[in-house]
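Novice: Listed below are the residues making up each chain.
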Amino acid sequence: MKNINLDIEKITRELIQKGEIQQPGTDFTKNLMATILKNPDVNIQFVKEEKDKNFIWVLLSILLMFIGYIGYYIYKNGLNTISDAKEIPAFSNLKYGYDFFIRLWSEFSFSPYILIAFLGILLLILFDKIIIKYLYTI
Amino acid sequence: MNREKDDKQCIDRIVGGDVNAFSFLVDKYKGMVYTMALRFLKNTEDAEELAQDVFIKAFNAIGEFKFDSKFSTWLYRITYNTAISKLRKKQIDTYDIDSVQIPDDQVLGSYNALNEITKQEQSKYIQIVLEKINEEDSVILTLFYLNENSILEICDITGYTESNVKVRLHRARKSFYDKLKLILKDEAISII
Chain A
1 MKNINLDIEK
11 ITRELIQKGE
21 IQQPGTDFTK
31 NLMATILKNP
41 DVNIQFVKEE
51 KDKNFIWVLL
61 SILLMFIGYI
71 GYYIYKNGLN
81 TISDAKEIPA
91 FSNLKYGYDF
101 FIRLWSEFSF
111 SPYILIAFLG
121 ILLLILFDKI
131 IIKYLYTI
Chain B
1001 MNREKDDKQC
1011 IDRIVGGDVN
1021 AFSFLVDKYK
1031 GMVYTMALRF
1041 LKNTEDAEEL
1051 AQDVFIKAFN
1061 AIGEFKFDSK
1071 FSTWLYRITY
1081 NTAISKLRKK
1091 QIDTYDIDSV
1101 QIPDDQVLGS
1111 YNALNEITKQ
1121 EQSKYIQIVL
1131 EKINEEDSVI
1141 LTLFYLNENS
1151 ILEICDITGY
1161 TESNVKVRLH
1171 RARKSFYDKL
1181 KLILKDEAIS
1191 II
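Going down the list, the protein sequences come from chains A and B. Under our numbering, the first residue of the first sequence is numbered 1, with each subsequent residue one higher. Under our numbering, the first residue of the second sequence is numbered 1001, with each subsequent residue one higher.
Excised from the complex, chain A in its bound form:
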């Protein structure tokens, strides 16, 4: 028996792995999260958006689209036409957009219905935050 070259490491690993990793009760995670969420210092934010990163991408996309549009216009009509900026369709489109918002703003009023709608949205956001805390406590 003494002559057998035993791999004690391997055998021990095999034996101890028969013991397996044990698990706590089924409600462990739920109870733990309830304890954490009950803490009034905890600030809940359900979705983390990378706002700064997204904003930069939006700006870059707009800039690229604008450069692309100008490039395409020059390619199509030649450089001479660019001097008369008023004839570029993009500028006339911008003017339409500007007129539209001016008209909308002049017709917009803070009627009680709009205020009630804003209040409703605020209440829904608050309810959404509270209901999740409540669901973890039951």
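Rather than coming from a laboratory, the hints here were simulated on the basis of the structure. Be careful, since some hints might not be right.
Keeping only pairs whose Cα atoms sit at most 27 Å apart, straight-line, the calculated DSSO-like set for lysine-lysine is [as the list claims (entries may be wrong)]:
#1 53(A) <-> 1066(B)
#2 10(A) <-> 1132(B)
#3 1124(B) <-> 10(A)
#4 1086(B) <-> 38(A)
#5 1028(B) <-> 18(A)
#6 1086(B) <-> 30(A)
#7 18(A) <-> 1181(B)
#8 30(A) <-> 1042(B)
#9 1057(B) <-> 129(A)
#10 30(A) <-> 1008(B)
#11 1132(B) <-> 18(A)
All of these numbers come straight from a predicted model, not from anything done at the bench.
Put chain B on the given structure of chain A with help from the hints.
Specialist: What follows is chain B alone, placed relative to chain A:
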């Protein structure tokens, strides 16, 4: 590597205020944290309470985690320290390796005897042996052989030096085989 990337994304979300992302980490590591707690406290209720304390401590300190080590190593260090402070840390003993040599026939005998019983019984006996041996020895064996942490990771978790971990591991193995031999012997006698 993917596990660590997942952990990082999850931690970034928690730090950003998405508290519910923490439940992903709890589900992922609760088994090992609970097993370590059980090895120390040898009682399921106390172990579950300690595991809960560990996760709350980790949650409160997660903003201080700087990714210097794996998240799991950091979490097991908290588990180890919390359990030790509950048990009151004992003095680190030094052991003479020669005095804890394991005879080959003892290893082979235990291995063969254990292979003759059902898988369920094997698991039961290993759990009993790990409960009977010294708490820290049991945790070190679990980290090294069951969770497959490296010696350096165990040093990081326990705060011991590399040579100390090696010595403890050696002693723990000897203790494990001694207890296993005794338990299997008792079992054989009870069957007869």
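Novice: Need the status of pair residue 53(A), residue 1066(B): alpha-carbon distance at most 27 Å?
Specialist: 22 Å, holds
Novice: Within 27 Å, alpha carbon to alpha carbon, are residue 18(A) and residue 1181(B)?
Specialist: 16 Å, holds
Novice: Please work out if residue 1086(B) and residue 30(A) have their alpha carbons no farther apart than 27 Å.
Specialist: Roughly 25 Å between the alpha carbons, so the hint for residue 1086(B) and residue 30(A) holds.
Novice: Between the alpha carbons of residue 1028(B) and residue 18(A), is the straight-line distance 27 Å or under?
Specialist: 20 Å, holds
Novice: Just to be careful, I want the Cα atoms of residue 30(A) and residue 1042(B) compared with a cutoff of 27 Å; is the pair within it?
Specialist: Holds - the C-alpha atoms of residue 1042(B) and residue 30(A) are around 24 Å apart, at most 27 Å.
Novice: With the threshold set at 27 Å, check whether the alpha-carbon distance from residue 10(A) to residue 1132(B) stays at or below it.
Specialist: 22 Å, holds
Novice: When you check the alpha-carbon spacing of residue 1086(B) and residue 38(A), does it fall within 27 Å?
Specialist: 25 Å, holds
Novice: Check whether the Cα positions of residue 1124(B) and residue 10(A) lie no farther apart than 27 Å.
Specialist: Holds: residue 1124(B) and residue 10(A) sit about 20 Å apart, inside 27 Å.
Novice: Is the Cα-Cα distance between residue 1132(B) and residue 18(A) 27 Å or less?
Specialist: 16 Å, holds
Novice: Could you grab the alpha-carbon distance between residue 1057(B) and residue 129(A) and see if it respects the 27 Å cut-off?
Specialist: At roughly 24 Å apart (the allowed maximum being 27 Å), residue 129(A) and residue 1057(B) satisfy the hint.
Novice: Hey, residue 30(A) versus residue 1008(B), does the alpha-carbon distance stay inside 27 Å?
Specialist: Distance of about 22 Å is within 27 Å: holds.
In summary, this structure violates none of the numbered hints.
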